[in-house]
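S.K.: Note that the protein sequences, when read in sequence, are chains Y, U and V. Residue numbering for the first sequence follows my numbering, starting at 143 and increasing by one per position. Residue numbering for the second sequence follows my numbering, starting at 57 and increasing by one per position. Residue numbering for the third sequence follows my numbering, starting at 5 and increasing by one per position.
FYI, nobody ran anything at the bench for these hints, they're computed from the structure. All residues carry an ideal CB built from backbone N, CA and C; glycine is no exception. Hints may contain errors.
[Said to hold, decoys possible] Just a few of them, taken from the derived set where beta-carbon distance is under 10 Å, the chain Y residues facing chain V: (1) 194; (2) 198; (3) 210; (4) 307; (5) 316; (6) 334; (7) 345; (8) 346; (9) 349.
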Amino acid sequence: MRRLCISLALAAIAAKPAAAEELLVAAAVSLRGPLEAIAERFEAAHAGAQVQLAFGASSALSAQARAGAPFDVFLAADEESIDALAAAGLVRAGSRKTIAGNRLVVVASADLKAPIESAADLARPEVRRIALAERAVPVGHYAREWLAGRGILEALAPRFVATEHARATLAAVDAGNADAGIVYATDVKAARSARVAFTPPEAEQPRIVYVAALLTSGRAPALAGAFLAELGDPAARRDFEAAGFPPPPGDPAP
Amino acid sequence: MSEAATQIRVAISRGAFSLDVNLSWDARVAVIFGPSGSGKSTLLEAVLGLLPAGAARIRVGGSWLDDAERGLRLRPEARRLGWVPQHALLFPHLGVEGNLRFAAGRGADLSGDGTLARAIEALEIGDLLGRRAHELSGGERQRVAIARALASRPRALLLDEPLASLDLPLRARVLRHLLRMRDELEIPILWITHDPDEAQVAGEIAVVIERGRLVATGPPREVLWSRAVLPLSEALGLENSIDARVVSTSALECSVETPRGLRLVLPVALPIGERVCLSLRAHDVLLSADPPGRVSARNVLAARVDKIELAQGDASVTLDAGERLVARLTAGAVERLGLRPGSQVHALIKAQALRRIA
Amino acid sequence: MSGAEIAEITGLTLRVGAVATAAILLPGIATGLLLARRSFRGKALVQAVIALPMVLPPVAVGLALLLLLGRRGPLGPLWSALGVELVFTWWAAAIAAAAVGFPLLARACEQAFAAVDPGYERLARTLGLSPLQAFLRVTLPLARRGVIYGALLAFTRALGEFGATALVAGILPGRTETLALGIYARVQLGEDGGALALCAISFAIALAAMLIAESWLRPQGRSR
């Protein structure tokens, strides 16, 4: 019995030592591709720095930050998540920066026979389940904004299958658990069997903007500042473009 | 006035049951006798210090354990009393040797001349040292429990119904060990039992407890046969109680007659008309299948066998000799004499076997 | 999913489980002993409260912990004053695991101690042992199997803890991403391969722990 206690204590003591300097970045899950590349470049340029990326729905991450999660940098898929953080006094003054935009697309399951070529097609009887993120999640309210604009939000509501974030929406359609889904254009690269059914025209697209900010709850403010600067660099711009992210709306073309 | 070596004053209530006694004696070995539920075990727990604090005053063999007036109350681990519980309670996770060492201390000497070594020898448990508790028989466990109690070098020994959990054939053997142990030890002994046979041989003094109260104290044979205690003793296993009246007397003996006309001779001279209450142990009744010739027994009664009960080599023969009498024989004797219900026999009773208790 | 990632997540999970179990070992044994040996007014209520983390939805437990441990909860000023940051660290994950594991350990201990005849303790007392010594040398060895089973049960529960951990520790890679949380995140991302790999590891660990627990419980001889 004594031996059991001792081994448990030793296991506890052998905890992983703290990294040299750890930067905790919370980001919307759709930014995964480009951010991993940017983080790698950052670690190479800053010896001893370790970037820990926490991906999730911007709304969920925002709630965690407000509950005390020690994020240094926050990249949200909408303004509202950052606004909520600012209201809680968590945003460092003057650190807010828009970094990219995005577009919505409608994806369809490989099993779906019926063609989907417009918003109205989503009302077809063959489309029994439509995956989209919960209302609080950015991609969720962008999708609802678009559907409301087409006047079919109410009609389609009974068919909605709520998911946690954009990638989860895609996964649902990939797995065949939903016939169609509304995700970001940048997500479809990760699709396995789902295909892009159609892309709403520019005129119908909601205003999607990715905003970055530094949080006061962070533990590595200097490093965070450097990272934020890096996000605005031309190199980062190229990473975003390569991943399919258009520049933020209202930004002049490079 | 010098104080008695052992004094026990306890008043305690546990739900519907209450124990309220004020006992004292000087003898070394005391038997506490009473039926189940009379409070004997509660008394023992009080002496051991295992009961919640009360206004107790307890002294054993000259050592004070509790004195509510002086604010003295020794914790159980400080009392140095050797307790042999009714079911041995040998620690299951330790073997026999482990149990003994637990009590004696790890470095104890199990061979040689010490108390423990002598106890092991007297109780004949030397061969059992390597065994586990659950491998032992009831009698072996009891003997190990006694050795364990002694191993802690106690200032007194407390035996809680040491033979009760044993089969009948075993009791005689263990009793022999216990009596030998008792005689070798010098420490006070409290011996609890509900068996009248045991009570008569175990101690120098008997303390009779019933329903939480003291009934009588005194030399065992007298106390157990006394008028106050006899009903209890009978209930616990004494047989043959006879009421009679003296009808004739002479210088050395008298003759009594029972209501049903049975005549008996007693070795005392009592006035005619005196009422007597006699007790006769079943073992004291001899039976003869044929009319006996000249025998030493003063009382030879014609009787008819009513009932024969056999148990483990012993036989209880209930007779109608005018009065109901119970005789204890060996089963072999019953067989040899060819006894069966209805047999006509003669019961031989020595005059001295009839004890007058009232 | 890289081997290093798997190793990191597994290591973190085992560490969290070990720390949580070690932390609740003494309180769990003490509580089990108290419940087994004493009766007092309100005992049923105490037993019910102890069982709560076991029967409440884990997220409810997590929310309660979040309020208790967070800087924005009622104890917030205390944590700020002490300079202590617990939420979203692996300490929070360990606390969540300890909270849900405690009732399992305490109840297993209660049953184990209740099964030991109090007569043995009392006998040990008359042989000169203090109550603590009697407990350590007699009651605990006799109840050993039940106590260890309870500890193993709490450990495996800690390994699998999700709801409370997700709320109070988040799913921070390298810090609080345990096996359970890792599986969930990867399923949400559609990374089935990674999710299944973590699943397999969870399965192996749980199986090993339960095999040990069952073999420990199998009596080699009667214990009474």
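S.K.: Hint by hint, say whether it matches the structure.
M.R.: Structure-based check of each hint:
Given hint, residue 194 of chain Y at the interface with chain V, holds; its Cβ is 5 Å from that chain's nearest Cβ, closer than 10 Å. Satisfaction of the interface hint for residue 198 of chain Y is found here, the shortest Cβ-Cβ separation to chain V being roughly 7 Å, below the 10 Å cut-off. Nearest Cβ of chain V to the Cβ of residue 210 of chain Y: about 4 Å, under the 10 Å cut. The hint holds. About 7 Å separates the beta-carbon of residue 307 of chain Y from the nearest beta-carbon of chain V, less than 10 Å, and the hint is met.
Residue-level restraint check for residue 316 of chain Y holds (minimum Cβ-Cβ distance to chain V is 6 Å; threshold 10 Å). The beta carbon of residue 334 of chain Y is positioned within 10 Å of a beta carbon in chain V (closest approach about 7 Å), and the interface hint is therefore held. With a cut of 10 Å, the hint placing residue 345 of chain Y at the interface with chain V is violated, because the nearest CB-to-CB distance is about 31 Å. Hint status for residue 346 of chain Y: violated, given a least beta-carbon distance of 27 Å to chain V, over 10 Å.
Annotation: interface hint on residue 349 of chain Y violated; nearest CB of chain V at approximately 26 Å, more than 10 Å.
Violated hints, listed in ascending order, are 7, 8 and 9; each of the other numbered hints is respected by the structure.
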